[in-house]
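Q: Each chain is listed here by its residues.
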Amino acid sequence: MTDIVNPQNAPAAWLRPIEAIVFFIRKTLNIAEMEMRKLRHEPLDLLTRAAQPVLWILIFGQVLAGVRAIPTGEFGYIEFMAPGILAQSMLFISIFYGISIIWERDLGIIHKFLAGPAPRAALVLGKGLSAGVRGISQTFIIYPLAYVMGVKLDFNIFALLGTLFTVLMGAVLFSTFSLLVAIKVKTRERFMGIGQFMTMPLFFASNAIYPIEIMPGWLQAISRFNPLTYVVDALRTFMLDGGQSHFGLGTDFAVLILVAALFVWAAGRAYPSFVN
Amino acid sequence: MNVIETHELTLQFGDFTAVNGVSLALQEGEIFGLLGPNGAGKTTMIKMLTTLLPPSGGGAIVAGYDIVSQSAQVRRSTGYVPQLLSADGNMTGYENLLIFAKIFDLPTNVREERIQRLLEMMGLQDAASRMVKTYSGGMIRKLEIAQSVIHRPRVLFLDEPTVGLDPIARASVWEHIKRLRDEFNTTILLTTHYMDEADGLCQRIAIMHQGQLAAIGSPQELKASVNGGAADLNAVFSHFAGAALEATPGSYLETSRTRINARRVG
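Chains as they are written, first to last, in this note's numbering: chain A, 1 to 276; chain E, 1001 to 1266.
Just chain A, with the same shape it has in the complex (with noise of 0.2 Å):
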């Protein structure tokens, strides 16, 4: 009557690593699916984020081209900013991402699944996943919005599906930073300051809406250990006709995914203190 694991079967030891990762995917997968369940069910909640983008884009992009202040080398100031203010639209997402888990927390459907099966940091990374998929939501608001604009954007298939992979790492990254956060600060009140507080210099010490050359030396600095600018960098590569990395795509995506993997193992391991 139980469905206890025979350990008849068990595998063989070396395949036992590879089937703890298959375990991990399909969890992973099983959170990401009840996330995308939910939000089928709120499809508004994305277009209410399309706005903010939007403005920057019409109000903030145009009256800066028309300035021409900001050395943007051979790009115009609207090509310039619109991988910037995509970064933006998912980093706003993600940042906010950790109070549905606070709300989840108060209500106690957390409780259930840290008793259930499913290892932590994959209740994590899933809810990440979910997160990268609202933000890549935003990717069909602004290259419509950037083409109209006069952007010459890069259509091809790899370029694409490079810049949705970028908004996915990105929000992958910064949603589980989100969720750490929460874990740490616990309330919604106290998270809501603390995510104000975060997304200000997230964007502003990086390479978003201006060139990092133009700034002072410090921010300069600040800004390089700043994930943002790895994402607005593979954004500008992978967006824009004859968009070049600055900093090697490979360096961009191995800084991603390092420090995504980090924040997924921290969160997950302090997922259980979240409930006590």
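Where hints are given, some of them may not hold.
In silico lysine to aspartate or glutamate, EDC-like type, Cα no more than 20 Å apart, as pairs [to be verified]: (1) E:K1178 x E:D1196; (2) E:K1133 x A:D45; (3) E:K1133 x A:E35; (4) E:K1102 x A:E35; (5) E:K1102 x E:E1112; (6) E:K1178 x E:E1030; (7) E:K1102 x A:E19; (8) E:K1102 x E:E1113; (9) E:K1133 x A:D106; (10) A:K186 x A:D106; (11) E:K1133 x A:E42; (12) A:K184 x A:D106; (13) A:K152 x A:E74; (14) E:K1133 x E:D1166; (15) E:K1178 x E:D1199; (16) E:K1178 x E:E1028; (17) E:K1223 x E:D1199; (18) A:K152 x A:D241; (19) E:K1223 x E:D1196; (20) E:K1102 x A:E33; (21) A:K38 x A:D106.
Here are the simulated distance ranges between beta carbons [as the list claims (entries may be wrong)]: (22) A:F204 x E:V1068: 44 to 54 Å; (23) E:F1184 x A:A20: 26 to 36 Å; (24) A:I21 x E:K1133: 34 to 44 Å; (25) E:D1126 x A:L44: 23 to 33 Å; (26) A:D45 x E:H1007: 45 to 55 Å; (27) A:L164 x E:A1171: 47 to 57 Å; (28) E:Q1027 x A:R26: 32 to 42 Å; (29) A:A20 x E:N1185: 28 to 38 Å; (30) E:V1068 x A:Q244: 52 to 62 Å; (31) A:L164 x E:T1134: 27 to 37 Å; (32) A:S273 x E:N1185: 32 to 42 Å; (33) E:R1179 x A:D45: 38 to 48 Å; (34) E:V1068 x A:A20: 12 to 22 Å; (35) E:T1134 x A:R68: 48 to 58 Å.
Covered stretches of chain E, going by a simulated chain A footprint (3 or more residues, C-beta under 8 Å) [unchecked claim]: (36) 1050 to 1062; (37) 1103 to 1110.
The hints are simulated quantities; they were obtained by calculation from the structure and are not laboratory data. Idealized CB from N, CA, C, for every residue including glycine.
The hints should help you fit chain E onto chain A, whose structure is shown.
A: Showing chain E alone in chain A's frame:
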């Protein structure tokens, strides 16, 4: 055969000992009630047995596995309905069950059949495609219980399963708890504040007081042991735990939480 066995199970938070050297044994197919005033350590016991909190002393075997060194196996073979709401209001009843069926790795061919069977058993077929946020408190509780037994666990933990429910919903939840035991021989450990619940539902009960076991036995045995045998369970409870009722520290927050929960499910 004992499905749960604890030995001197202890948990300390700093200077405060929430659970102090509790040794218990539950037999297969038993419905066991854990009673005690707020702060007596009931929820902490359940959190340790479900591996949510590592014990600071002693140990326990649940469904044949050690709660510390084999916590993953314990989580696979037990079900848990926390005191708080644990079904997700932003999905349908069916989806709530589906996700748990997947998390517990039910094979695809078994999944659908088992979900339908549980929906039917809990009387939720008609509400299956409705969002859970439109459910009544009793329906939510039944859905949560269905979620926690979808993998046919040997052991089920229920933390105050009927708190905040109206009498009809309570009776219906009791009915379903008994059916789970009768049909699947599931061992059930529940905590409760209600003496009638303990009396009508449990074969054996234990009364906890300040982290320790104050009394254990069948409701009849306990009644016979107090006041020369004329007692009801309320008298038994006051006898073993009553002195502590008004002296529990931190009860303001506890009260607020209980009332908030009661409002949510009720």
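Q: Checking against the hints above, which ones are violated?
A: none
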